[in-house]
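For the protein sequence lines, the chains are R and Z, in the order given.
Here the working numbering is used: position 7 in the first sequence is 7, and no number is missing along the way.
Here the working numbering is used: position 4 in the second sequence is 4, and no number is missing along the way.
The hints are simulated quantities; they were obtained by calculation from the structure and are not laboratory data.
We put the CB at the ideal spot given by N, CA and C, even for glycine.
Treat the hints loosely; a few may be bogus.
[As the list claims (entries may be wrong)] Cβ pair distances, simulated, as ranges:
id	chain 1	residue 1	chain 2	residue 2	range
1	Z	ILE7	R	GLU91	51 to 59 Å
2	R	GLN62	Z	LEU38	36 to 44 Å
3	Z	THR81	R	GLY68	33 to 41 Å
[Unchecked claim] Partial list, computed: chain Z residues near chain R (C-beta under 10 Å):
id	residue
4	LYS15
5	GLU31
6	PRO39
7	ARG44
8	GLN50
Here is what each chain is made of, one letter per residue.
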Amino acid sequence: MVDELICDESRVWILGQPLICRFCANDVFLPYHTYKNVEKPGIDVFFVDYTAICLKCGCATQFGDPSGPSPDGTDYIWALEQVLLNPPEPEPPIIRTVDDKTLRAQKSCLSLALLLLVQEGIIENAVLPLVEEEQNENLLHLLEPGVYVSSEEIPAEKCLVLALSQIVKHRLLDNDKLHFIIEYESYPGIESFLRKHIE
Amino acid sequence: MVRRRGIYEVEILGKRLCCTLCDGKMFHHREIYLDLELPKKIDREQLTLQSLMCKVCSTTQLVQEKTDGTKTNIVYIEVKT
């Protein structure tokens, strides 16, 4: 069911009944939102409905949207259904490439951040080898149990963000200073800042 | 803008148009413009349609004119009265 119809070549159903052109019996339409000036409840009140143009013969069929609460009031019934003839192509996934130098810096910062968390007894020792083995998914679950993981690959950067947010949450370091370094100095700064605090 | 006065019999894709209510076959014609955006907007987009009103009962049917080369989907046959 759809909230509103898209103005594109499509088949339309109203309360489960297919919209059929009454003149030529074709079922493919171009539905437009059209505005009508209505009398009530005042001047300049506009009523929006649909004018669907049959793609074969051009005849217009006008209808509104009868969606509304079910008779017993416990449900809401969406009345309109639309199937596009040419559904849009799914958008290609965004692939972010990280150069080697940045990746190394990310991993080195991540190791340091984890070391700090282990040192303070917030996480288990076992996480440390995961960085080298690039088991980012397992790492992510350890850092934030119950986090939703989509099928895409998890970048080291995401783990680093989580590790740093744990450090901030437990107030292990000067949070203001850490924020400043992340914002203005990025990796080299984070690395030396973290290193200073590791025993 | 197309201006037609008089009474017409209408064929769409070669098929005779009949009134959906009284089965009448003679129509008055006007070109009409439906607003596709709030009518307060000055440069609003509009949908141009041919309005065919039954001569007998005035039930109105709307048709979009489509042109394919020299052929159009709507053919008007003027009725001499």
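A quick look at each hint next to the structure:
no.	hint	result
1	Z/ILE7 <-> R/GLU91: 51 to 59 Å	54 Å, holds
2	R/GLN62 <-> Z/LEU38: 36 to 44 Å	18 Å, violated
3	Z/THR81 <-> R/GLY68: 33 to 41 Å	47 Å, violated
4	LYS15	7 Å, holds
5	GLU31	13 Å, violated
6	PRO39	6 Å, holds
7	ARG44	8 Å, holds
8	GLN50	8 Å, holds
Of the hints listed earlier, those the structure fails to meet are numbers 2, 3 and 5, in rising order.
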